[in-house]
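The chain contents come next:
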Amino acid sequence: MTESPGTTGLIMNEPLLWERGKRGRHGMSLPRRDVPSAPLRDDLVGDGPDFPDLSEVDVIRHYTRLAQWNFGVDSGMYPLGSCTMKYNPKINETLSGTPGFAAAHPLLPDHLSQGALGLIHELEGFLAHITGLDAVTLQPAAGAHGELTGMLIMHAYHRSKGSPRSRIIVPDTAHGTNPASAALCGYSPVPVKSNDQGILSVDAIAEIMDDDTAGIMVTNPNTLGLFEEHIRDIARVVHAKGGLVYCDGANMNAVMGIADMGAMGVDIMHLNLHKTFSTPHGGGGPGSGPVCVAKHLEPFLPLPRITEQDGHYALLWDAPQSIGKVQAFHGNFAVMIRAYCYILSMGRYLRKASQLAVLNAAYIKEELKDTFHLPYDRPCMHECVFTDKFQEQYKITTLHMAKRLMDYGFHPPTIYFPLVVHGAIMIEPTETESKEDIDAFIAALKAVAQEARDNPDLLRRAPHNCKVKKLDETRAARHPCLQG
Amino acid sequence: MRYLPHTEDDIATMLTSSKADSLDDLFMTIPGDCRRTGDLELPEPLTEWELIDRIDSLSRDVASSREYTTFLGAGSYEHFIPQSVSHLLSRSEFVTSYTPYQPEISQGTLQAIYEYQTLTARLLGMEVANASLYDGASALAEALLMALRVTKGTRVALSRLIHPLYRQVVATYLQPTGYEIVELPYGTDGTTDLSSLDTMDDLAAVAIQSPNFFGSIEDLKTAADKTRDRGALFITAFTEPLAFGLLKNPGALGADIACGEGQSLGIPRCFGGPALGMLACKSKYVRTMPGRLVGKTEDVEGKRGFVLTLATREQHIRREKATSNICTNNSLCALAAAMYMASLGATGMRELAQINHDRSEYLKGELVTAGQDVAFSGPTFNEFVVRFTPDFSSRYDELIEQKIIAGLPIERWYPELPHHYLLCCTETTGKKDIDRFVQEVTP
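Protein chains in written order, with the working numbering: chain A, 1 to 484; chain B, 1 to 443.
If a hint is listed, it holds; no wrong ones were tucked in.
Derived CB-CB ranges, DEER-like:
{"#": "1", "chain 1": "A", "residue 1": "Thr94", "chain 2": "B", "residue 2": "Gly371", "range": "41 to 49 Å"}
{"#": "2", "chain 1": "A", "residue 1": "Pro31", "chain 2": "B", "residue 2": "Gly371", "range": "26 to 34 Å"}
{"#": "3", "chain 1": "A", "residue 1": "His422", "chain 2": "B", "residue 2": "Pro31", "range": "28 to 36 Å"}
{"#": "4", "chain 1": "B", "residue 1": "Lys282", "chain 2": "A", "residue 2": "Gln393", "range": "45 to 53 Å"}
In silico SDA-like links for lysine to any residue, alpha-carbon gap of 25 Å or less:
{"#": "5", "chain 1": "B", "residue 1": "Lys431", "chain 2": "A", "residue 2": "Pro39"}
{"#": "6", "chain 1": "B", "residue 1": "Lys19", "chain 2": "A", "residue 2": "Asp370"}
{"#": "7", "chain 1": "A", "residue 1": "Lys446", "chain 2": "A", "residue 2": "Phe390"}
{"#": "8", "chain 1": "B", "residue 1": "Lys152", "chain 2": "A", "residue 2": "Pro189"}
{"#": "9", "chain 1": "B", "residue 1": "Lys321", "chain 2": "A", "residue 2": "Thr474"}
If you're looking for bench data, these hints aren't it; they were derived computationally from the structure. Where is the CB? At the ideal position from N, CA and C, for every residue including glycine.
Build the full structure now, drawing on both the sequences and the hints.
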């Protein structure tokens, strides 16, 4: 095996912010006082926040050291299943901070914000085309926010037909957020099991779909990385009872330019710009969770809508069936700029990106299926799911192997999800990993599996090379210490 | 394509290993009737320099404050952002990582968020702050849902002087739940009229924004006392957290939950997003709080470290019984706010808040001297409402031609206030800009 990327180096300690600094220092340039001071009424004035005073150098060193304790896509392969940790192009970062956009106020009159409205409108069009659906809102701030928006649309649609209905079908292979999003709209989730092939059967849906069920929330490709082959017939069953099909599009990276969500019978779908469209995850946000809908649901999209006439864009507030607003302003515009730049840079290569994402996952699946238990040996899409079943005999779990993988210089895959598989190891390489990097990752996982046999204690004590050793999460939850 | 590293040889080798004949072969599980019929019809891929031109030209078609003098605030504020913050925030270890599920290789994000929670709690005078939410409006909606979980109430009372777009978001979130929203009117001094509270039953929460949408500073203490008498939780909202450099903080005035928008703390306006939803509460409510939390712990060698904690409240464990469906925070925005607060420090925060207040008071004073009519009498921070003459709307358009944006007309949300404009000053509005503006609007 070639040398793995993981090694050790000099890592600097760094105290908490308030363990640094001295009263009277400052790290920021303040403007001159050019107008008379106007004291506030005494009874309104407080003490001001108890912040440390730091110099600019204090602040720079502090965060530079913290950054060095983090692993990102730019550090190495980050095969977190269902999260699509692909490369985040640098030009898009730069352009998202374009001064004219960065300084734009969200409540400017329409005729003064044509460039921004035009970008959003054009991006909506791209996303509609890529999904095969008809209308798009970019207001939701994240995937889960898009799900909530989708559920609100479903609720408003059924209400407009006379009854909001009370239940919703959520398969065991759907994303974990789905039940919580549905519950916010008062829906009780009705679970349904996938079949022995890891996908939904039409019969299972037909059995539970009724007049009080609002629809189904399906993830396609699902969280086992498998395409729901019967989706078209499932949609027919749901539609026949007056229900709607919601598709969680978190896994859209597998099927760009290949699948047509409209043709599948999907009515509502959210996308994650921070997954499929390469915008960075930022340590957990900001993302963007646009919602795409079929024509008949367009009147329910959030306000305001952007309309175009003769190259002029306007905000339309008059839409009586709209669910209203889900964010104060237009959504995460700086994220939209990045996704817009990505689509313009890729064009037809988006299809190639999906093909290579699937190729990378299929290759990993074949190369590792003798090393790790593969519960569903079927053609996978952009991710593949293994388990720790082969390692059970050494009393080694998925968690042990994940922690050990860090020592080899890789971010661990998603673990213990989806719940439908015991001890899941969910690997999503994405298309931006080269064959060499994937080979190194495969070699590292094989080495870890070998260690599980030969030296299991090494895995139980892992990681060994990180800034901190294994952390006590139980203690953190039992005795919460949430601020210093 | 430079983001796709595969050579034709790589593809061929990998296909062979994967037991597939072609790339199309990999998709054989997708039935024909689920497929696209034609190729993607997208523009021809742009080169990097063509892309720069495209964005440059679009961004020129926006009236940004770099060319304009704007007196627009209303929940999105222009403040100087130090270059040090922008530089640190672009570190790719922060930008290209995800939610810190694996704490051993995410200590940078985790410690930074722990520090953000601490600085936020200190700024708001609250016991515990979460790792952030999407924006101020959704934070308020989440705070109200939280109060509905804590109490057994069925209705919430919202001041009409909470940002009108925030109230719209709250209405959207609460619509399917069946809970009732009651609006509290405002009085002639530009603050919330609390008199209707005394007879209101089944209340889960009372929410007041301060400084409110008109910029007026509310009497939060009195509102907190009245709310407690009704057995409800007192929620304070804000759109301008810089105010707490000078004003008494929500905790000191009796807030059970404090929430709002943190954009002012080092985040560019960028047409409204991404933003920063800040939310803090009394520690007795922490287990009903929405959103991520970072906690301090130790590793097996007793060394300090940080982890995501109290996850049993969250969607991936509790599923439909979770406190919220939110999966992430707005981590990078929270990081920007922490860096900004650290750069300002206690001394800088006080000074900057005072400068902001001085500038807006100067504008107010000059307008009054010039014979303009300030609509409400109470004390304000950074923003206030002016009643211009009925012919002002044409003057407003002329001023735009001169690259001045004379605040925000508020009649759309307050039909009883025609010709009223919300004006805002921050440290970026210099005396010269103010003097020129007063001259221009004075007939």
